[in-house]
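S.K.: Listed here are the chains, written in short residue letters.
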Amino acid sequence: MISSLYTPKPKKPVSLTALIDVVFILLLFFMLSSSFSRWQGVDLMSPLANEKVSGGKPNLIRLFKTGVMSIYSKPDISLTETNISSMIDETKPSILLPDSDVDVQLIVSTLEQLSNLDVQNLSLGSSLPAAAKQP
Amino acid sequence: MNMLTPIRKSRSAEDNMIPMINIVFLLLIFFMIAGQITSVQNQDIVLPKTVSGVPIVERKVTLQLTEKNKLFFNGIPVLLDDINNKFDALDTNEVSVSLQADSRIKAVDLDKILTVLRARKIAKVTLYTEQKGPE
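Residue numbers (this note's numbering), protein chains in the order written: chain C, -2 to 132; chain E, -7 to 127.
Rather than coming from a laboratory, the hints here were simulated on the basis of the structure.
Hints may contain errors.
Listed next, the stretches of chain C that the computed footprint assigns to chain E, with coverage defined by at least 3 CB atoms under 8 Å from CB atoms of chain E [unchecked claim]:
hint, segment
1, 18 to 25
2, 30 to 36
3, 74 to 81
4, 91 to 99
Subject to a maximum C-alpha distance of 30 Å in a straight line, what follows is the list of computed DSS-like cross-link-like pairs (lysine-lysine) [stated by the list, open to error]:
hint, chain 1, residue 1, chain 2, residue 2
5, E, K60, C, K54
6, E, K104, C, K62
7, E, K60, C, K71
8, E, K113, C, K6
9, C, K62, E, K41
10, E, K116, C, K9
11, C, K89, E, K104
12, E, K124, E, K78
13, E, K124, C, K54
14, E, K113, E, K62
15, C, K71, E, K116
16, C, K71, E, K104
17, C, K89, E, K113
18, C, K62, E, K116
19, E, K116, C, K89
20, E, K62, E, K124
21, E, K78, C, K62
22, C, K89, E, K41
23, C, K54, E, K104
Bear in mind that the values here come from a model prediction, so they are computed numbers and not experimental data.
Glycine residues also receive a C-beta, built at the ideal position from the N, C-alpha and C atoms.
Can you build the whole structure from these sequences, using the hints too?
M.R.: Now the structure itself:
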């Protein structure tokens, strides 16, 4: 009688089925909700019309659909990595003026390219009518 | 002779499932660590790609502009003329704006939104981009 009281009960093995169910649900959740593309942000500075630009007259850089950049007043001379430092006064703020038919990808790439070339105080201005003759 | 052949234990169904559970666990850990849980992005928008960028900070207002020039204000479709009413409905005057613009839209369409924002004295907009992978 006494010995039967102290006899340990045989352990019932834990069923794995419930665990698998939960793990599958978690797996489905993470597979469907997670994204592998890394988002990041680019700050677009868009100067206000009545804002006074500090540092004098800004450099106006025109961007054509072909990806060619030029100084607004000298559309015939293309800006390149080699001549940009001589064409632009780096102490002054710069405003990028894309043609109306330039797409956003090109604008963003150009802003990134200019900031890599140490063009300071860069902002995005209004779009210009598309040039009839692309350089 | 028969004594040399090992006695093959019959494996239960749960024993057979253990390798599968191991793999499912590994997949779960992979998706938990490598994935990034993000809010659902508008499927019509292909974000522009950049190499560098700043980490995304959640803004008060998120504008989305699709390739077909459909505009969304915090996920709700709006017309360009109604954006001002949406801004007015916000309970604060200090509004930070992020913009998810399709990489294929033209500068003239982007300019329409920036013009509205400039009129509301919002000069800084965070443009969402996607990190460019290795080429």
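S.K.: Against each hint, give a clear statement of whether it holds in the structure.
M.R.: Verification of the hints:
Counting residues of the segment 18 to 25 of chain C whose beta carbon lies closer than 8 Å to any beta carbon of chain E gives 4, which meets the minimum of three for the stated coverage. Check on the segment 30 to 36 of chain C: 7 of its residues sit with their Cβ under 8 Å from a Cβ of chain E, so the three-residue criterion for coverage holds. Coverage of the segment 74 to 81 of chain C by chain E is violated in this model, with 0 residues showing a Cβ closer than 8 Å to a Cβ of that chain against a need of three. Counting residues of the segment 91 to 99 of chain C whose C-beta lies closer than 8 Å to any C-beta of chain E gives 5; at least three are required, and the coverage claim holds.
Proximity of K60/E to K54/C is assessed by CA-CA distance (about 37 Å); at most 30 Å being required, the pair is judged violated. Pair hint K104/E plus K62/C holds up; C-alpha atoms about 18 Å apart against a cutoff of 30 Å. For the proposed pair K60/E and K71/C, the alpha carbon gap of about 34 Å is over 30 Å, so the pair is violated. Simply put, K113/E and K6/C have alpha-carbon atoms about 76 Å apart, too far for the 30 Å limit, and the pair is violated.
Proposed proximity of K62/C and K41/E is supported: the alpha carbons are some 17 Å apart, at most 30 Å. Taking the CA atoms of K116/E and K9/C, the gap is near 64 Å; set against the 30 Å cutoff, the hint is violated. Straight-line distance between C-alpha atoms of K89/C and K104/E comes to about 27 Å, which keeps the hinted pair within the 30 Å bound. For a cut-off of 30 Å, the pair hint linking K124/E to K78/E is broken: about 33 Å separates their Cα positions.
Proximity of K124/E to K54/C is assessed by CA-CA distance (about 35 Å); at most 30 Å being required, the pair is judged violated. Between K113/E and K62/E the CA atoms are separated by roughly 23 Å; this keeps the pair inside 30 Å, and the hint holds. With a C-alpha separation of about 28 Å, the suggested pair K71/C and K116/E falls inside the 30 Å cut-off, and the hint holds. For a cut-off of 30 Å, the pair hint linking K71/C to K104/E stands: about 27 Å separates their Cα positions.
Between K89/C and K113/E the CA atoms are separated by roughly 22 Å; this keeps the pair inside 30 Å, and the hint holds. Taking the CA atoms of K62/C and K116/E, the gap is about 24 Å. The hint holds against a cut of 30 Å. The suggested pairing of K116/E with K89/C holds, with an alpha-carbon distance near 19 Å, which does not exceed 30 Å. Using a Cα cut-off of 30 Å, the hinted pair K62/E and K124/E holds, with the two alpha carbons roughly 25 Å apart.
A C-alpha spacing of about 33 Å is found between K78/E and K62/C, which places the hinted pair above 30 Å, so the restraint is violated. Between the alpha carbons of K89/C and K41/E the distance comes to roughly 28 Å, so the proposed pair stays at or under 30 Å and holds. As the CA atoms of K54/C and K104/E are separated by approximately 25 Å, the hinted pair is consistent with the 30 Å bound.
Taken one by one, the earlier hints fail for this structure at numbers 3, 5, 7, 8, 10, 12, 13 and 21, listed in ascending order.
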